[in-house]
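The residues making up each chain are set out below.
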Amino acid sequence: MDLVIPKIDVVSLGPELILSIAAIFVLLVSVFLPKGRKDPAAYLSLLGIFFAFVSSIFLWGNPRYSFNNMILVDNFALFFNSIFLIAAGLSILMSVNYLEEQEMSHGEFYALILFATVGMMFMAAGSNLITIFLGLETMSISIYVLAGFFRRSNKSNESALKYLLLGAFSSAFLLYGIAMMYGATGTTDLKGISEYLSKAAYLKDPMLLAGMGLLLVGFGFKIASVPFHMWTPDVYEGAPTSITAFMSVGVKAAAFAAFVRVFLYSLWNLQPDWNHVLWILAVLTMTLGNVVAISQNNIKRMLAYSSIAHAGYIMIGMVASSELGTSGILFYMLAYAFMNLGAFGVIILYGRKGEENLDINDYSGMGFKYPGLALLMTVFMFSLAGIPPTAGFVGKFYIFSAAIKSGYIWLAIIGVMNSLVSVYYYLRITVMMYMKEPVKEFAGLKWSPSMAIALIIAVIGTLLIGIFPSPYLDLARQSVQLFM
Amino acid sequence: MPIDYLPIFAFLVIAILFAVVTIALSSIIGTKKPIPQKMMPYECGVDPIGSARRRFSVKFYIIAMLFIIFDIEAVFLYPWAVIFKDMGTFGFIEMGVFIVILFVGLIYAWKKGALEWE
Amino acid sequence: MIPLSYYLILSAVLFTVGVIGVLVRRNAIVIFMSIELMLNAVNLSFVAISKHLDSLDGQIFVLFVMTVAAAEVAVGLAIIINLFRNKETVNVDEINIMKW
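Chains as they are written, first to last, in the working numbering: chain A, 16 to 499; chain B, 6 to 123; chain C, 345 to 444.
Note that these hints are calculated values from the structure, not bench results. Ideal Cβ positions, reconstructed from N, Cα and C, are used throughout, including at glycine. One should not assume that every hint holds.
[To be verified] Derived BS3-like pairs (lysine-lysine); straight-line CA-CA distance at most 27 Å:
{"id": "1", "chain 1": "B", "residue 1": "Lys-64", "chain 2": "A", "residue 2": "Lys-22"}
{"id": "2", "chain 1": "B", "residue 1": "Lys-90", "chain 2": "C", "residue 2": "Lys-395"}
{"id": "3", "chain 1": "A", "residue 1": "Lys-219", "chain 2": "C", "residue 2": "Lys-395"}
{"id": "4", "chain 1": "A", "residue 1": "Lys-368", "chain 2": "A", "residue 2": "Lys-170"}
{"id": "5", "chain 1": "A", "residue 1": "Lys-384", "chain 2": "A", "residue 2": "Lys-368"}
{"id": "6", "chain 1": "B", "residue 1": "Lys-117", "chain 2": "C", "residue 2": "Lys-431"}
{"id": "7", "chain 1": "A", "residue 1": "Lys-368", "chain 2": "A", "residue 2": "Lys-455"}
{"id": "8", "chain 1": "C", "residue 1": "Lys-431", "chain 2": "B", "residue 2": "Lys-64"}
{"id": "9", "chain 1": "A", "residue 1": "Lys-170", "chain 2": "C", "residue 2": "Lys-431"}
{"id": "10", "chain 1": "A", "residue 1": "Lys-219", "chain 2": "A", "residue 2": "Lys-206"}
{"id": "11", "chain 1": "A", "residue 1": "Lys-455", "chain 2": "A", "residue 2": "Lys-384"}
{"id": "12", "chain 1": "C", "residue 1": "Lys-395", "chain 2": "A", "residue 2": "Lys-206"}
{"id": "13", "chain 1": "A", "residue 1": "Lys-451", "chain 2": "A", "residue 2": "Lys-384"}
[What the hints assert, rightly or not] Where chain B lies over chain C, by a calculated footprint (3+ residues, C-beta under 8 Å):
{"id": "14", "segment": "405–412"}
{"id": "15", "segment": "420–432"}
[To be verified] Taking CB as the label site, the calculated pair distances span:
{"id": "16", "chain 1": "B", "residue 1": "Phe-89", "chain 2": "A", "residue 2": "Phe-65", "range": "34 to 40 Å"}
{"id": "17", "chain 1": "B", "residue 1": "Gly-35", "chain 2": "C", "residue 2": "Met-345", "range": "43 to 49 Å"}
{"id": "18", "chain 1": "A", "residue 1": "Tyr-217", "chain 2": "C", "residue 2": "Met-377", "range": "37 to 43 Å"}
{"id": "19", "chain 1": "A", "residue 1": "Leu-218", "chain 2": "B", "residue 2": "Ile-88", "range": "55 to 61 Å"}
Using the sequences plus the hints, can you model the full thing?
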């Protein structure tokens, strides 16, 4: 038997390898650290994230397949890498004090965040369904544990159980879809599938279409699109807040990365088939997310429904299926990372153990007591609502204009109407903060340097992308050029 | 070819017959004197203590979890072992890396006290 | 020679049994077992297709799925045990502090 050992291009896996090694190292260090002193683990993880970021920058602009076509390190993957690293880094910065206050400071927390990030990177870089599935599971399993990390809290347990059961359920669907694809096309390689479909004379093979449908279900669960969104509010509400932030940005971005790569690249020839479905799903997702968010009184639940709505906006970019639409998705994801992480950061800082201050009414009068924090929250809420001059506005603008250019005018109109609806519940928080009398005594904020850094980065990111969007849009464009 | 399965079928029939015949014979020929000791569930010949349906210690679950992980991950050793000779040093190093990662997991479990019984 | 479609139908039936199990049963552990059944139904498809196409990809995929499933089981058991310690139940209908 001839055995050809594939060329091993370790450099192309730089970011993933650095993070994996950092995660293993953090795990070992945290076991040997004295009890209760776990911030070295956090700083080590941040160091790992920094080096992974640097190595992603070095790989930029030099797309290549490696490991026998299992991995495709192109600008698309690297752009998403930077989103994952920003999400992981900011979540870790927000967690340091949060965990100590909740008496849950364990080094494993940081190691798990790093492992989840590695999984996300493999999802974005995977050019074979095997790699994408393994990345998805690496990410999901870490997140299951993280969601239940506050192991004495019933809510956190419940959140972990629900996420675990529904997540595993959905990945079984995804896996079945992969099996169908494999059966219909004879390969799990994304390029191979695309080549098969471009040559195939007959594209109505039931196995192929069933496979596509199941893949759609699997990805739909992870991006929290309607009708696969039921887990989102419960899981987001129950999980530790910094993990909710990480999930809402990182998991969503990773799922979109794989979703876009599989559907817009591999299954491009089936575009007429999936486009209608996505059109309907996008409309349902936006509308349900926004309408239900209005009636929520828990701010984490409200942001969960808002994240469903944002998944809907991003799906518009997929329906547009043009270069502009795809770069719009990347841009929007970057903007969403900063604004959503920032909003959750404010929530973490405003609450404390035993008094989480998660009810929206708890925010009334906050603007007089803590003007700085209220100002930050206002910026993030404006950005989520899509009001200029913030990142959220520019992101929505690009996505909607991509839809119009591709001829989906109604979709764009529905999108704009939805963002008008969303203004109501985002601004409700702002109104509470500035125009209502406080309903309770404030116990004082516990600023910590790491939390301050995280919030400053988030607010600078939100405003910078909003005011000077063109460099970031150029980066997003470069990331999808070789792709379509 | 169905004919290829004939020996297996014959084997199946003989196996079932053997089981049925021995059980039937012993119940027909054997003497039956039920006494309380004989009616008890067999636990190595000692009188059983308490009900069999009691709750197990959580420690068993931790051992089970560790077992599942380390046992199933070894599945990768099988395809590797099949082509080990063709892969040479490269294959050896590659599997070494894999084992080291598993070993880190073991060290972690050890230091966390998951392997201690008390 | 048994045709490929038989395997695929068996696999689809097993998968459906798993799905129904997840939807109908209320014990978290049984739900979890049903999910494992779904994964193994897919494994059956992979192996059958792999044999049919004479390509090894499917069989390699099965190895990965098995290990991933094992990791999921370990994490799942841990989460369920932890929940049981706090709430003394594994019935998903009683795990309802937050609305479903």
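Tested hints:
no.: 1; hint: B:Lys-64 <-> A:Lys-22; in the structure: 45 Å, violated
no.: 2; hint: B:Lys-90 <-> C:Lys-395; in the structure: 25 Å, holds
no.: 3; hint: A:Lys-219 <-> C:Lys-395; in the structure: 24 Å, holds
no.: 4; hint: A:Lys-368 <-> A:Lys-170; in the structure: 14 Å, holds
no.: 5; hint: A:Lys-384 <-> A:Lys-368; in the structure: 20 Å, holds
no.: 6; hint: B:Lys-117 <-> C:Lys-431; in the structure: 25 Å, holds
no.: 7; hint: A:Lys-368 <-> A:Lys-455; in the structure: 16 Å, holds
no.: 8; hint: C:Lys-431 <-> B:Lys-64; in the structure: 18 Å, holds
no.: 9; hint: A:Lys-170 <-> C:Lys-431; in the structure: 11 Å, holds
no.: 10; hint: A:Lys-219 <-> A:Lys-206; in the structure: 20 Å, holds
no.: 11; hint: A:Lys-455 <-> A:Lys-384; in the structure: 11 Å, holds
no.: 12; hint: C:Lys-395 <-> A:Lys-206; in the structure: 22 Å, holds
no.: 13; hint: A:Lys-451 <-> A:Lys-384; in the structure: 12 Å, holds
no.: 14; hint: 405–412; in the structure: holds (count 3)
no.: 15; hint: 420–432; in the structure: holds (count 4)
no.: 16; hint: B:Phe-89 <-> A:Phe-65: 34 to 40 Å; in the structure: 39 Å, holds
no.: 17; hint: B:Gly-35 <-> C:Met-345: 43 to 49 Å; in the structure: 48 Å, holds
no.: 18; hint: A:Tyr-217 <-> C:Met-377: 37 to 43 Å; in the structure: 39 Å, holds
no.: 19; hint: A:Leu-218 <-> B:Ile-88: 55 to 61 Å; in the structure: 38 Å, violated
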